[in-house]
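With the sequences and hints as input, model every part of the structure.
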Amino acid sequence: MSALRKKQNMSTLKITNLHVSAKDKEILKGVDLSLNEGETLALLGPNGHGKSTLLAAIMGNPNYTITAGTIFFDNKDVLAMSVDERSKAGLFLAMQYPSEIPGVNSSEFLKAAINAHREKPMTLFEFYTKLKNAYKEMGIPFEMSNRNLNEGFSGGEKKRNEILQMKLIDPKFALLDEIDSGLDVDAMQIVANAIRDEQKKGRGFLVVSHYARLYDMIEPTRVVVMINGRIVVSGGPEIIQKIDSTGYEWIKTEMGIEIEKDEQPMNKVSIGVCATNARVNGKKR
Amino acid sequence: MEKSDDNMNITLIDEQIKNMELVVPNGESLVLNLAAFKGFPNTSISVKVQSNASFNGAFADFSSGSGKFIINVDLIGDGSRCDWHLSSLANDVDRKIFDTSVTHNAKNTEAEMSNYGITQGSSHLTFTGISSIKNGSIKTITRQVAKIIVFDPLSDGKCSPILKIDENDVEASHAAIVGRLNEDHLFYLLSRGISLNAARRLITLGYLKPVEQYFNDEKLIERIDASIEEGI
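Residue numbers (this note's numbering), protein chains in the order written: chain A, 1 to 285; chain B, 1 to 232.
Keep in mind that a hint or two might mislead.
Said to hold, decoys possible - FRET-style restraints, in silico, Cβ to Cβ:
#1 B/Leu-196 <-> A/Gly-38: 54 to 64 angstroms
#2 B/Leu-220 <-> A/Glu-219: 40 to 50 angstroms
#3 A/Gln-189 <-> B/Leu-181: 35 to 45 angstroms
#4 B/Lys-38 <-> A/Asn-115: 32 to 42 angstroms
#5 B/Gln-213 <-> A/Thr-221: 43 to 53 angstroms
Think of the hints as simulated: they come from the structure by calculation, not from any bench.
As the structure is a prediction and not an experimental result, all values here were calculated from the model.
Positions of the beta carbon are idealized from the N, C-alpha and C atoms, including for glycine.
Listed below in structure tokens is the structure:
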């Protein structure tokens, strides 16, 4: 009876027939997916097939347009929520490329983020203690809390900083977008430990990664594979090993699904920034 | 003309900011703190810095109105230095122009000029200025940074820093950025539960608050803090 009640109270993220476009190109072409609290769902797929798009769309990234479908979180319409409301509802996205935000102090930002999820602001002492412990656990020097948000951080530091935020904000569901890229072996262990701690608390995870190494450490409960903007395979952890050793060709041969090639977009160009730094040594003119 | 004493600190607020010519004598240093909270100071200040002397200027501008503020720093002595930091908030229908220039007229001179601004409402903010290195001013280093963030659709900003270099053996750099709130930055902050207003506040603090570190008077720093909060 108590197990049934627990099941009824369990948080669920339910995505139905989701279609998402970016710059007039349809990327997700009808995604159906559900994730329960306590589950760790591994999302795999070739580059450019929509994994990051799905995570960004769930969080409400304005660069993506939802053209059809629904996302419900505990029966609440996620698509009707603003981005900050989605966070307050319990969703968290650890980004593949976290923004460097000039001028925004890391600890001021973290204080604002933590307090946004509380009715009463945290006392300074409580905040300082919590912050110090989190930095220590993530192996990040505490002095970095005084630096501008992600500015000048290495790739690995940025990723650890994402997990640090996840720990401090304490969401119900965390969406991790290639959190293991740019991490060395030690940092990977720290990140995996942090994820395991949250798994024990019953948090739900949707984890995108290309590598079996992270998945081996966090032991996903289910695995789905996204091809051509749709979920085409669903199953257990054995799928990760299969993909790790043989790639995605078997999906074509066994299921007859043609895998579209990834078309890399042009790099973004930033106009309006001008900087020169020249040093000329030698004889005067 | 006002002549500075040893390691002189000058703090000028609102109408105290007037046209003036300052000289920093050999080996000495001058700290000039300016703060405007009422009307925009239409003012021209010139500073001559002699050998191994330094000029450290900072201006916190929260005034309203329109006009042009000019500061010209002339590094006339070998080994002289100039540090200039401005934070300006333009609101409503303000039309503010800041012309901040430095001239390197001697060897081993160094200058850092940084101007940060935020425009709101229908205001306009312009940062101009010339970093000029004269012939013979070898081993000179000059840096010039101008950044304006445009908050509202009717507000606007313009940065046009200029480098004029007539010497080879120097280091010179300039950076100018004018932009609206970056969507990716905003999404990042919002995705952590921070509201749009709180996100704007964090970004505004990041642009305007750093100037405080160049001020000496604690009460004045508190007043600048209050103006930043009020401006947000």
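Comparing the hints with the structure gives:
The supplied range of 54 to 64 angstroms is broken by B/Leu-196 and A/Gly-38, whose beta-carbon atoms lie about 33 angstroms from each other. At about 58 angstroms, the beta-carbon gap between B/Leu-220 and A/Glu-219 misses the expected band of 40 to 50 angstroms. The hint said 35 to 45 angstroms for the Cβ distance between A/Gln-189 and B/Leu-181, and at roughly 38 angstroms that hint holds. Here the CB-CB span from B/Lys-38 to A/Asn-115 is close to 34 angstroms, well matched to the stated 32 to 42 angstroms.
Between B/Gln-213 and A/Thr-221 the CB atoms are about 50 angstroms apart, so this pair conforms to the stated range of 43 to 53 angstroms.
Hints 1 and 2 from the list above are not met by this structure, while the remaining hints are.
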